[in-house]
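There are 2 protein chains.
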Amino acid sequence: MAEYRPATGDEAEFLAELIGRGLLLAGGAPGVYGRGDAFEDVRERVDALVSRAAEPDGAERLRFPPLLPRRYLESTGYLRSFPHLAGTIFAFEGSERDAAEQEQRAGRHEDWSEFQTMTDLVLVPAACYPVYPAIASRGALAPGGLTVDAGGSYVFRREPSADPARLQMFHQREMVRIGEPEAVAGWRGAWCERAVDVLRRLGVAAELEVASDPFFGRPGRMLAANQRAQELKFELTIQIASPEPTAVASFNYHQDHFAQTFGIELHDGAPVHTACLGFGLERIALGLFRAHGLDTALWPAEVKEELWDV
Amino acid sequence: MAEYRPATGDEAEFLAELIGRGLLLAGGAPGVYGRGDAFEDVRERVDALVSRAAEPDGAERLRFPPLLPRRYLESTGYLRSFPHLAGTIFAFEGSERDAAEQEQRAGRHEDWSEFQTMTDLVLVPAACYPVYPAIASRGALAPGGLTVDAGGSYVFRREPSADPARLQMFHQREMVRIGEPEAVAGWRGAWCERAVDVLRRLGVAAELEVASDPFFGRPGRMLAANQRAQELKFELTIQIASPEPTAVASFNYHQDHFAQTFGIELHDGAPVHTACLGFGLERIALGLFRAHGLDTALWPAEVKEELWDV
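Line by line, the protein sequences give chains A and B.
Using our numbering, you'd call the opening residue of the first sequence number 1 and step up by one each time.
Using our numbering, you'd call the opening residue of the second sequence number 311 and step up by one each time.
Derived from the structure by calculation, the hints contain no laboratory data.
One or more of the hints may lead you astray.
Chain A stretches covered by chain B per the calculated footprint, using a threshold of three residues with CB under 8 angstroms from any CB of chain B [claimed, not checked]: (1) 163-175; (2) 210-223; (3) 265-275.
Ideal placement from N, C-alpha and C gives every residue a C-beta, glycine not left out.
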């Protein structure tokens, strides 16, 4: 298995506590867990808090399944930046004889990969990816552009790890802004402040930082340095069970990258930029359980009020 | 592409209307669409109606991501019955040089499958699959067993089609019953009646039928005949845009198959059977738009009341 990250002592202990309490359920693979009712309740309430914070945006609500046509991934440059994180979908296209051989090998837990063929689909790597081609397909945008609320979308990252805060598929609570450069940059700036406020009112000390993506390989170091120098990515970090703080939200300015890739245009021909933000809902829930304890009934009154009394 | 099914005239026209109205959004591949606010609102309200119908069950609410360890799929016999429907996840494990070559080929939309390696994960083929190993991992069950509410889970089916009612990933609103054979059989029977009632109160004529799964190949015909003869599967069908009625819910009795496969036990050693039911939420929403029109404001008062006044 690629780059499996073992847990630190604290991470392993936290995961064991979460499973012992039924907040998470063993899923049979690192970073793949079921979620119990109490965990899911917190995750959904955090989702609702983000929706409340998003109300001033008047966003258009759109939802997408966690599948993306492979050719979109091929066109965006994702495979240059993050080849190690992408998940592609393969399927069977063989004969009855092939199916029988595949099944026999699989039943013995041997290698049956030769019977699987690459499909035209991949897993969604970031919740904003399906938004751009869908918006482009509707034609040129009115002046001012638009904001899309893409909800709590499942995204895939090939990062097997025993840290409960590093899941291979998780809910990214996503908003996307598409429009004139100044409007898009201003929107992202305003959200950085809103997001700090959302987290702090939940009793967790969130820090906003200039950040960079986990670009692949040696050339990735320069990409990361450029990204930081241009302040294209901010992250909100909180302390969970890892020695270092964990990113729980990111605010990303793409300049004209996605608009150019997918051909998004404004009616008046003005340049189009995009930005997106994503809250990692499972990570925020984990941060709350870590900060306030595993029994939500015993959480501070002001946190309970913030989450449930709205 | 495997077994692509073109649309009938009515199906193609219905899809075009749905996209024209913004109820669905073009997703770049057959059976992969975004969902607009009005569609999603109906889908969520149908989900809530099923939750209301499920209240007497007192089910334990659990949620799972759409990933399953590959070895579970290998152990269940899914690849014998449905090799053509499964989706496996591949990822990159190569060097920087491989990554560069992969990216160049992908950028030209050429074949880059040789750089992808089978992972230990597959896509969830049915929403009940992650439930059994998770329940087994908690140890023997108390007498009576339990009922699990697995929510509206995304499941994958490799069935590319231009029929808007045939999605490659969709929400299966899933309930699972695990316990003594009589209790499990009785639960499934009661739900068949409840489900007909849920659909009929939404103004769609739903028919309950003995059914069989789309088993693969020639040996599959015998599996299907056995399944029908033993009445292991019932389906609820409604008319959408296809010439034949479309299944929108299924009620499945697995006898001891999953309990044996995953080692689920009762404290007193009694035999354990399982059953599950799944409502196809997108299909039910599509059926409602087909029956009552594309503008929910104009739907019959009693249907609107049923969906929104609760």
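Tested hints:
1. 163-175: holds (count 4)
2. 210-223: With 4 residues in contact (Cβ-Cβ under 8 angstroms with chain B), the coverage given for the segment 210-223 of chain A holds.
3. 265-275: violated (count 0)
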